[in-house]
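Between the sequences and the hints, there should be enough to build the whole structure, so can you do that?
Residue numbers (UniProt numbering), protein chains in the order written: chain A, 1 to 373; chain B, 1 to 373; chain C, 1 to 373; chain D, 1 to 373.
Derived from the structure by calculation, the hints contain no laboratory data. Owing to the predicted nature of the structure, the values given are computational and were not obtained by experimental measurement. Any given hint could be a false lead.
Where chains are identical, the list cannot tell them apart; a pair therefore holds if satisfied intra-copy or between any two copies.
To be verified - Cut-off 27 Å, straight-line C-alpha distance, at most; resulting in silico cross-link-like pairs (BS3-like, lysine-lysine):
#, residue 1, residue 2
1, K223, K149
2, K149, K283
3, K223, K361
4, K223, K372
5, K118, K372
6, K118, K336
Now for the letters of each chain:
There are 4 protein chains.
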Amino acid sequence: MIGGGQGAFIGGVHRIAARLDNRYELVAGALSSNAEKALASGRELGLADDRCYASFEEMAERERARDDGIEVVAIVTPNHMHFGPARTFLNAGFHVICDKPVTTTLDEARELSGIIEKSGQVFVLTHNYTGYPMIRQMREMVATGAIGKLRHVQVEYVQDWLTEAAESTGAKGSEWRTDPLRSGAGGSIGDIGTHAFNLAAFVTGETPDRLLADLTSFVPGRKLDDSANILMRYASGAKGILWASQVAVGNENTVTLRVYGDEAGLEWSHATLNQMSYTPYGKATRTITRNGAGGGAAAARVSRVPAGHPEGYLEGFATIYREAADAIIAARTGEKPASDVIYPGIREGIAGLAFIDAAVKSNAASSWENLKL
Amino acid sequence: MIGGGQGAFIGGVHRIAARLDNRYELVAGALSSNAEKALASGRELGLADDRCYASFEEMAERERARDDGIEVVAIVTPNHMHFGPARTFLNAGFHVICDKPVTTTLDEARELSGIIEKSGQVFVLTHNYTGYPMIRQMREMVATGAIGKLRHVQVEYVQDWLTEAAESTGAKGSEWRTDPLRSGAGGSIGDIGTHAFNLAAFVTGETPDRLLADLTSFVPGRKLDDSANILMRYASGAKGILWASQVAVGNENTVTLRVYGDEAGLEWSHATLNQMSYTPYGKATRTITRNGAGGGAAAARVSRVPAGHPEGYLEGFATIYREAADAIIAARTGEKPASDVIYPGIREGIAGLAFIDAAVKSNAASSWENLKL
Amino acid sequence: MIGGGQGAFIGGVHRIAARLDNRYELVAGALSSNAEKALASGRELGLADDRCYASFEEMAERERARDDGIEVVAIVTPNHMHFGPARTFLNAGFHVICDKPVTTTLDEARELSGIIEKSGQVFVLTHNYTGYPMIRQMREMVATGAIGKLRHVQVEYVQDWLTEAAESTGAKGSEWRTDPLRSGAGGSIGDIGTHAFNLAAFVTGETPDRLLADLTSFVPGRKLDDSANILMRYASGAKGILWASQVAVGNENTVTLRVYGDEAGLEWSHATLNQMSYTPYGKATRTITRNGAGGGAAAARVSRVPAGHPEGYLEGFATIYREAADAIIAARTGEKPASDVIYPGIREGIAGLAFIDAAVKSNAASSWENLKL
Amino acid sequence: MIGGGQGAFIGGVHRIAARLDNRYELVAGALSSNAEKALASGRELGLADDRCYASFEEMAERERARDDGIEVVAIVTPNHMHFGPARTFLNAGFHVICDKPVTTTLDEARELSGIIEKSGQVFVLTHNYTGYPMIRQMREMVATGAIGKLRHVQVEYVQDWLTEAAESTGAKGSEWRTDPLRSGAGGSIGDIGTHAFNLAAFVTGETPDRLLADLTSFVPGRKLDDSANILMRYASGAKGILWASQVAVGNENTVTLRVYGDEAGLEWSHATLNQMSYTPYGKATRTITRNGAGGGAAAARVSRVPAGHPEGYLEGFATIYREAADAIIAARTGEKPASDVIYPGIREGIAGLAFIDAAVKSNAASSWENLKL
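This is the structure we're talking about:
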């Protein structure tokens, strides 16, 4: 693991996600760029001292030299620290699981893509919301024609934790997230907007080709957007609205996805993530539940407990890890991964950055912009 | 009453709304332009035969001549038939209650405005959602500073009854609503988008000065938009998103309004119209109920039954009628209406048409357009 | 109208309910036993002075003598004042609409029943919740076999307005409701438990034949129960739980009804009264809405506005009045009322008193008691 | 681990729960009483062959003899197979984590209690719902006086998976659950009623001293109750209703707990387990969220991810395992466990059996029965 030392939030999440299905063992890490903290963090997690590295370059080199070296690395550093380790470990022949966004620029992402395509290594981007069973259910329903032809996508990802200038008071995670040098060109669009964008694309199977964005930094002095109002147009004629905000007071971590076709509508909300609603036009709305009546194979495959026993954030995240493990084993054996291994990868990473790029450009020019996928 | 003959939906709603608080008596009508139907409809409603008119012009003239003539007229015809009767009755000295949108063009609305300003007659536009107690509650909270400085408005009005080409099969109300000659330049933006726009303005006390609209007619052959994705910008720096659709399958008549300031957020949904949520930043969300704990005077004033006893659509509509009656009595006596009589009038009608105009223009030009208020 | 003078809550509700569908005209009243208040109240409501009576006996006599006398009287006095006027007006040949419970003792109710049976007069008990469209929908579904054989009924009616000793501080309506002399033997079971009991019977078509009750007066010094926990057994083998409370803090006026058969379950809650859920065993839950997809004729018949436009308490109440009007016209013409006129009457009144009686007896004896229907 | 071989549901849940916080290592098991299946199951889980035992007696003996023997055993067999292994392992000096109910009779449970009291060994009963953060929140609020004096407890645990005679068609888990020899005297009251009973006691800090139960087997031929309607009385004067059912169609696994005092009410539902509502009398209802505003230390201590990121069933279960680990370490070092280690143990196991006993007896005698705690 790269990053995720003491005090880091997302590193701990990755570790639980990896552990949940018993498919990984954590044996080495460059958990901090501070050697002392790296060692202390590693010991806390049960790593041998000689596998607590103070730099990812050293780790890549030394782990490659070991007979019992790691097989895959998880990168959980702040955004601007994804590209370096990813490139290094890919070049050293390791599989990579990387937090999103994949890099801070499109060029970097395309460079990684080149390496991955040539080598066939597994590269997994933890767009964790795609691991939710009911999101899988929606995707399966759209793919099998349940809604007919797609017309409208309504997706929201809103929070309120940046309502005030948290970055100036040193609140955890807020500092680098609001700093263009470490986050990239996108604030809320990068941090959560890309999740919303990815989620909509994952479920509908369509990616918008144009967008118009109105980005705002509501908090005085903030350099990056904390709110993004975005209209989307799809090549198919479908339309969409994406709203991301980190200043919508009263929303802890609200994610909603609603997709409408000419035959049916589907609605899902994070607050009740174990169910979704399905309305065939002119019929009563059905509530489809995880592992329950009306649910399909795609959701059941990534469920762990029976219907009515809620699964949550960690389980969704763990599903990404589980599918990464399946893919790595397939790569190891030379077999193709199971057709239903559908984790997000470098392609989704590039799409996310193209989304950020187009949004920033559109906002500056007040015009519809193409996504350069 | 003008319009609202046999088979008409909204005419019946107006009559119940007028009756509910016992402030009106229906005594005359031009309920249909078909003389026979006008008479039959009038008899059904208990009108004297000689006050069942076949034309509104005749009605205006004859009622003015009577000692016991009407005092106020309700216009409940399709959109393109509002202007004529409104002008006629205003010119004849009557007060007018008119369904929205006030007219089909801004010029017509401005002409009415001129008459009203000069004469001091009461002109009420039945933007009925503003009559809901919890909408009054939100307005009062924003006005008294509960949310601080406004940042974001999220408003939706979505239905699904035009998902298929209902107009070609003659479904009630769908034909004229999708015909530019009778509806005006706006389809869904006119029919329901103006309600959403009005609601947001009513609650926040702010009207956007620019918007960018993406209008779509999803149903093949449809001439007017059935879906409208709109970004809004306010002079104050606030932003907003308005979504109107008549093809969002699974939504019978979904209206939601969420407003966020730098100190709190407020959320309301039509499906649970007797409550709203209020989250002061950093505190637990409160559910404020109609007439319940935490509710204010503005909501209580327009409530009829105790907390926990649901009020609905007709009661909200009736409140507009009740406040119109208060205003008419005030006009009759020369007194000012009570300061809390806050029915929507010609100003709101003009704003709605300016909204439609700007949206249509923006959609054509793919650009941000000013609202000409 | 008997009772319902200035300051009374339920009288106003009855008047709106009567007015809403334009089927009644209020022309006379004994609105208060205080002559002065009776006159003032009557004038406020537009009654002629000579039809503002200070006693119901006088009103019955004088109205009978008039050519234009009333046809039906509404009794909206406190519980202990129902029997007297009801008997008097029935004996005088008038139809009667009476607030519930019908009387304070079973004997009185049986006496009224005798009069009604002989005369064929219309007697309507305003168990208003049975007027809700979705309650009609549930009843229709049960009657037509949607749930199969009934197994379990779960019904709740809970409030919190008597959490503290409101009666000692003179809060409106709390004084007589907690006084055995004026309320009868039941506190919360009489005031709201009978509503719950009636609602369950109305929907399921079955009345329990035995019950076991645990009644409590939580507030020190209160003479009647403010909370009732009741188990029910049906002759068919079905079981049930009824919970009524006026001290359940956080519940303004919560009514929920859930019925389960061997083939399906139905659930309804007052807070979302325009919808209900229907789960056929092994299938996804359907949300059926008022006037919406999946709704039946029984609900549509008592709906006034389209799906998605919420109806509420007053509309439900008005439906009882509308059906009373239908029944009165049928009685007038000698025709049978339409088969779908299903207002609650004296039979339901007797059942409610039998329910209170059995509950009080069961509570005292800690035993299962039969309902004497 | 005892039990939990291939195909078993709850064994897998225990293993994930143990793994989630990285506090346990699974090294030995008597996963099945069939030697072949025991071995195959163990290999699948990575156990060494010589630690895949075919009987729990052998496992206890051999593990005790090893230097690297187990420290704690998890018993996840059907109900009637809890007592034997529990006694054996306790007597052999191991700590025990046991699925509920602890045994099938009170005498057995009391025997275990005697061993535990003398030895000071850790015995944890996996009443997993007590691990939910918002349940901890409710408990903390009640304990610190938020609701005042307890008045009413309303607790439900309802499912629908036994609506039809699943046991005769061999559906997994249904056979032994409906067999008195393997389940004990309680059907639904044992399987889920004890969870409800335990949850209410955990949160309120009070255990009823009397109950009246009406048990039913709705499915023809079923030997144990599949539905339980229970009234409860507390020594403090509080009352309660407990409803458990496995035939309530439409309920996958509905658990709700509502507690009311003379100063406030608290409500929680499994479907939205990351939040609860809190209504101080006369004030607006607050929604308190896991790790969010208004939440206390007790909930935060057992949360793993930030507010707005849903936790679920497995996390709650894992909390029981985590607190068991804390207690075992405390026992190892001779220190007292942290005061906030509040896992359910033998005392809760005895209470659950006393609850079943009293319910069965009350049902037979139609009388209020004392709980023999």
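Hint by hint, here is what the structure shows:
1. K223 with K149: between (40 Å within a copy, 20 Å between copies)
2. K149 with K283: Close inside one copy (18 Å) and across copies (26 Å); limit 27 Å.
3. K223 with K361: within (16 Å within a copy, 33 Å between copies)
4. K223 with K372: Close inside one copy (25 Å), not across copies (33 Å); limit 27 Å.
5. K118 with K372: within (22 Å within a copy, 57 Å between copies)
6. K118 with K336: within (16 Å within a copy, 58 Å between copies)
Hint violations for this structure: none, all hints satisfied.
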